[in-house]
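A.B. asks: Sequence:
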Amino acid sequence: MCFHAKEPLNEKVSKPIPTFHDEVQHCSPLSQKSIHCMNMKLKASRRCQYFLSSDPYSSSLIQQRAVYGLGLNKLGKANTARVHYKSEEHDITEAKVDPLESTEGTGESILLEGNVPQVSSWWQQFPKRWVIVLLCFAAFLLCNMDRVNMSIAILPMSQEFNWNSATVGLIQSSFFWGYLLTQILGGIWADKIGGKLVLGFGVVWWSMATVLTPIAARIGLPCLLIMRAFMGIGEGVAMPAMNNMLSKWIPVSERSRSLALVYSGMYLGSVVGLAFSPLLIQKFGWPSVFYSFGSLGSIWFALWLRKAYSSPKDDPDLGVEEKRLILEGNVSNAPVSSIPWKLILSKAPVWALIISHFCHNWGTFILLTWMPTYYNQVLKFNLMESGLLCVLPWLTMAAFANIGGWIADTLVRKGLSITVVRKIMQSIGFLGPAFFLSQLSHVRTPAMAVLCMACSQGSDAFSQSGLYSNHQDIGPRYAGVLLGLSNTAGVLAGVFGTAATGFILQRGSWNDVFKVAVALYIIGTLVWNVFSTGEKVLD
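Going by the working numbering, the sequence shown opens with residue 213, and the numbers climb by one from there.
If you're looking for bench data, these hints aren't it; they were derived computationally from the structure.
We put the CB at the ideal spot given by N, CA and C, even for glycine.
Each statement offered as a hint is correct.
Distance condition first, Cα-Cα at most 30 Å in a straight line; then the derived DSSO-like pairs of lysine-lysine:
# : residue 1 : residue 2
1 : LYS404    : LYS340
2 : LYS519    : LYS340
3 : LYS748    : LYS535
Distance windows between CB atoms, simulated:
# : residue 1 : residue 2 : range
4 : ALA711    : VAL742    : 26 to 34 Å
5 : GLN651    : ASP751    : 42 to 50 Å
6 : LEU433    : LEU409    : 28 to 36 Å
7 : ASP751    : ILE615    : 31 to 39 Å
Starting from the given sequences, assemble the full structure and let the hints guide the process.
C.D. replies: Given below as structure tokens:
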């Protein structure tokens with residue numbers, strides 16, 4: 213804030229007007245009339261230091277500041293200004309000067325806060341809500357990198373420690389002991405104390421467990437099983453905590469694509485883990501996979517502590533416009549004090565989520581777990597080709613998850629109800645895989661079989677804009693608990709489905725495996741379209 217007078221000073225002023233919070237960048241000297249008036253009152257000839265302000269209560273632009281803006285009329289003239297000064301020679305602290313008015317509208321120019329746009333870097337202008345989304349994306353990237361590295365490292369580990377197939381299966385399943393334990397607990401913690409603390413705890417916990425895995429393996433099998441279960445405990449809170457965070461940070465019009473981007477981090481994490489684990493093992497040995505992947509969690513955690521907040525209301529640097537956009541029409545972001553279990557379990561849309569999640573994950577886990585075996589036994593690919601082709605479904609899912617997210621948000625912005633959008637997207641996520649899996653028994657070439665698999669997983673990814681987005685629709689305050697409930701059913705489907713597939717293959721064929729998955733996809737479609745809703749049913 214400053215003004216410029218046309219007439220020069222008769223007395224030299226050597227001290228510039230102080231700056232407060234960068235609102236005063238440069239001020240020209242005061243007018244001769246002002247200096248003369250003050251000299252008459254003070255009778256001082258020494259240098260003076262001036263402070264300009266208006267009535268503190270007359271400005272609505274600058275609050276709780278030491279310096280307030282000059283009041284202006286439409287012609288740009290200064291009014292109701294008073295001058296505070298301090299003499300270096302005399303102990304004089306204040307004097308009042310009658311306001312001066314310019315005789316011409318152009319006689320003085322005044323710079324107010326906000327008249328000149330502030331130039332900031334692109335990363336400062338980047339929306340804070342999407343910073344949260346990208347950090348969650350990175351967390352899920354690390355989540356699957358740390359999870360799939362064992363599927364590669366288990367091969368040299370089993371040779372070194374002389375593990376048989378039963379022991380390998382026990383080690384692989386031990387992860388789910390902890391993972392199941394913290395699905396619902398993670399949702400409760402996130403809804404009560406905030407997603408930032410819970411997700412941060414989860415990443416640190418599973419990263420430490422990943423780094424300690426080689427040490428546990430050398431101590432003995434029981435220690436390794438406990439360490440894998442500990443890793444599952446950390447990763448079990450990730451999805452509920454992330455869902456809680458995004459329910460507070462992301463408006464409805466951006467919900468589908470934000471969740472799709474976060475979940476695509478899981479798919480890309482599997483790609484990165486499957487791609488880099490063999491290289492690290494070949495050059496540095498199997499322990500290097502756990503040390504290198506686990507250490508990345510510390511970098512993420514440092515960024516998370518600095519940039520993330522559980523709620524937009526907790527972020528002091530969040531812009532006014534973005535905060536208004538996020539909070540407009542949203543429920544209270546205050547943590548819940550208690551979980552209304554009876555109310556939650558009495559709602560049909562909640563059970564639609566749980567049942568549909570079970571039906572969805574049955575087929576998904578079967579494909580992702582047994583796909584290398586299918587490629588090797590049925591399509592006659594060697595193990596190297598089979599491993600490379602395992603990456604294709606993850607890439608396809610990452611791409612189509614984001615495409616589906618943009619489509620869903622576009623439909624919502626165009627006025628289509630959230631209920632209709634969720635039902636459309638999840639119907640694609642169910643019926644698409646059902647159709648392409650049913651075609652596998654009719655294809656005659658490996659290329660067509662791989663294409664059917666890729667299309668099945670690509671259409672499956674539309675579920676990110678269906679049931680995976682619905683937790684925040686029906687109960688945004690309890691989004692973490694709702695996801696914990698439904699994902700518990702999903703994990704159980706993966707455990708039982710994987711075991712049931714082995715039992716079916718002993719007595720039947722791959723066509724029988726796909727028929728069971730198709731039947732569950734159809735059941736899920738019916739339940740979802742009859743009982744689900746996009747409206748809020750839990751306050």
